[in-house]
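Trainee: Those sequence lines, one after another, are chains B and Z.
Sequential numbering of the first sequence, starting at 1, is according to full-length UniProt numbering.
Sequential numbering of the second sequence, starting at 1, is according to full-length UniProt numbering.
Incorrect hints may have been included.
Distance condition first, Cα-Cα at most 25 Å in a straight line; then the derived DSS-like pairs of lysine-lysine [stated by the list, open to error]: (1) Z:K36 / Z:K105; (2) B:K60 / Z:K36; (3) B:K130 / B:K105; (4) Z:K130 / Z:K105; (5) Z:K91 / Z:K105; (6) B:K36 / Z:K36; (7) B:K50 / B:K36; (8) Z:K91 / Z:K60; (9) B:K36 / Z:K60.
Not close to chain Z: a few residues of chain B, all C-beta gaps over 12 Å, as computed [stated by the list, open to error]: (10) T7; (11) S14; (12) R45; (13) V48; (14) Q51; (15) Y54; (16) L71; (17) T83; (18) D89; (19) A96; (20) A138; (21) W173.
So these bits of chain Z aren't anywhere near chain B, every CB distance computed over 10 Å [unchecked claim]: (22) R16; (23) R18; (24) T52.
To be clear, the hints were calculated from the coordinates, so they are not data collected in a lab.
Glycine included, each C-beta is placed from N, C-alpha and C at the ideal position.
Protein chains: 2
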Amino acid sequence: MSEQPRTPDSARRSERSRRAILDAALELVGEVGFGKLTIEAIAARAGVGKQTIYRWWPSKASVLFDSFLALSEDSGGPVLPDTGDLEADLKLVLRATADELADPKYDLPLRALTAESQHDPALARELNEKVLEPQLAAFEARLRSARDAGRISPRADLRVALEMLVGPLYHRWMLRTLPLTHAYADSVVETVLRGLAPGPESV
Amino acid sequence: MSEQPRTPDSARRSERSRRAILDAALELVGEVGFGKLTIEAIAARAGVGKQTIYRWWPSKASVLFDSFLALSEDSGGPVLPDTGDLEADLKLVLRATADELADPKYDLPLRALTAESQHDPALARELNEKVLEPQLAAFEARLRSARDAGRISPRADLRVALEMLVGPLYHRWMLRTLPLTHAYADSVVETVLRGLAPGPESV
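Using the sequences plus the hints, can you model the full thing?
Mentor: Now the structure itself:
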């Protein structure tokens, strides 16, 4: 099939199969967990042959990774609002992150991918490059604009600052210590911003 | 054997076997990873019979968990110094945490346990109750003493504060984004403490 010239119809069919496979992987990981997820079950749920999946992906982890990536792209990708009010913008985004992490649609595949990536360095690298770093870069861009506007200290290390925003949420989510509430997101934003405020010495 | 009265000699032999098993599990998870770790291999390395392990532990995850717990206890357990200098005390402890997480002796079993606990709620609970929460409680106690001494704002939420200290280190470690340096640990401590400083309104 890959040798045939692609017609608009076959391209459309391929895209339809691809989406069905990605959706099936997401649904199934939520139902049975990553350990019991199989290529067979994904194929059956998507209504395609096993070989169709093997032609496009080397492993169930790579299917699930692409499912998660499609999910992130559907939600508009990582862009932070810039209304000029840094505190409001960060609270909006971290509250949305808290809600997303609590939503089984994101929670289960991301947890499975994170667990899997602990003993799969290639998956860890891909997860970092394609999912995580673009999100972190969006935070960094928003903080840079605030620093340029004099809202945060010119000496602030933006990379450390953004990790201080997302790290505590991630910690609570990954380790399931306490619920990921909006109040928690707000409190993290407020403390970090007080910590980054331009001091009298920098005016 | 469990029906026999325990003599000092048999108790000593049991303890020796237990330590050999815990040490073997730690060594092996570093060599082969959690996925390929087996009770058979632990027994062979420890020089005991498989049945000795099954008598004491229900699964390889629970052996590894006890290995990790013994390792933490050997290092003195979670106590934070209180020299009166909060910033110095926190930097000391977070630098040590960064070093520990970068040390394969801690890194590999803790990574395996964290990954495993993503789809094993009982293990997640045990990891939280016996390893994580005691560490977090030690941070909270140190912050409370600082709040009582007026070094941080009386309005500071100590639980959120401690998660802001450990969360960023954990995030960088778990996701392997950037190296866990002492400079990073210091920067996190400095920003959090500026964020928690008592404001003029609270004096």
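Trainee: The structure should be examined with respect to each hint, and the outcome stated for every one.
Mentor: Hints versus structure:
For the hint pairing K36 of chain Z with K105 of chain Z, the CA-to-CA distance comes to about 17 Å; that is within 25 Å, so the pair holds. Proposed proximity of K60 of chain B and K36 of chain Z is supported: the alpha carbons are some 19 Å apart, at most 25 Å. At roughly 19 Å between alpha-carbon atoms, K130 of chain B and K105 of chain B fall within 25 Å of each other, so this suggested pair holds. For the proposed pair K130 of chain Z and K105 of chain Z, the alpha carbon gap of about 19 Å is at most 25 Å, so the pair holds.
A threshold of 25 Å between alpha carbons decides the hint, and for K91 of chain Z with K105 of chain Z the separation of about 22 Å falls inside it, so the pair holds. A hinted pair counts as satisfied when its Cα atoms are at most 25 Å apart, and K36 of chain B with K36 of chain Z qualifies at roughly 17 Å. This hinted pair checks out: K50 of chain B and K36 of chain B have alpha carbons roughly 16 Å apart, not beyond 25 Å. The straight-line distance between the Cα atoms of K91 of chain Z and K60 of chain Z is roughly 35 Å, outside the 25 Å bound, and the hint therefore fails.
At most 25 Å may separate the alpha-carbon atoms for a hinted pair to count; K36 of chain B and K60 of chain Z meet this at roughly 19 Å. Every C-beta of chain Z lies more than 12 Å from that of T7 of chain B, the closest at about 42 Å, which supports listing it as non-interface. The non-interface label for S14 of chain B is consistent with chain Z: the shortest C-beta to C-beta separation is roughly 32 Å, beyond 12 Å. Annotated as non-interface, R45 of chain B keeps its C-beta farther than 12 Å from every C-beta of chain Z; the closest such distance is 20 Å.
Non-interface status of V48 of chain B relative to chain Z is upheld: no Cβ of that chain comes within 12 Å, the nearest being about 26 Å off. At roughly 27 Å, the least C-beta separation between Q51 of chain B and chain Z is larger than 12 Å, which holds for a residue marked as non-interface. Against chain Z, the non-interface label of Y54 of chain B holds: every CB pair exceeds 12 Å, the least being about 22 Å. The claim that L71 of chain B lies off the interface holds: its Cβ sits roughly 18 Å from the closest Cβ of chain Z, which is beyond the 12 Å cut-off.
The beta carbon of T83 of chain B sits about 22 Å from the closest Cβ of chain Z, which is more than 12 Å, so the claim that it is off the interface holds. Here D89 of chain B stays apart from chain Z, with its beta-carbon at least about 18 Å from theirs, past the 12 Å limit. With a least CB separation of 18 Å from chain Z, A96 of chain B remains clear of the 12 Å interface cut-off, as annotated. With a closest Cβ-Cβ approach of about 15 Å to chain Z, A138 of chain B is found to remain outside the 12 Å limit, as its non-interface label requires.
Its beta-carbon lying about 10 Å from the closest one in chain Z, W173 of chain B breaks the requirement of being farther than 12 Å from that chain. With a minimum CB-CB distance of about 31 Å to chain B, R16 of chain Z clears the 10 Å threshold, and the non-interface call stands. With a minimum CB-CB distance of about 27 Å to chain B, R18 of chain Z clears the 10 Å threshold, and the non-interface call stands. Every C-beta of chain B lies more than 10 Å from that of T52 of chain Z, the closest at about 27 Å, which supports listing it as non-interface.
Hints 8 and 21 from the list above are not met by this structure, while the remaining hints are.
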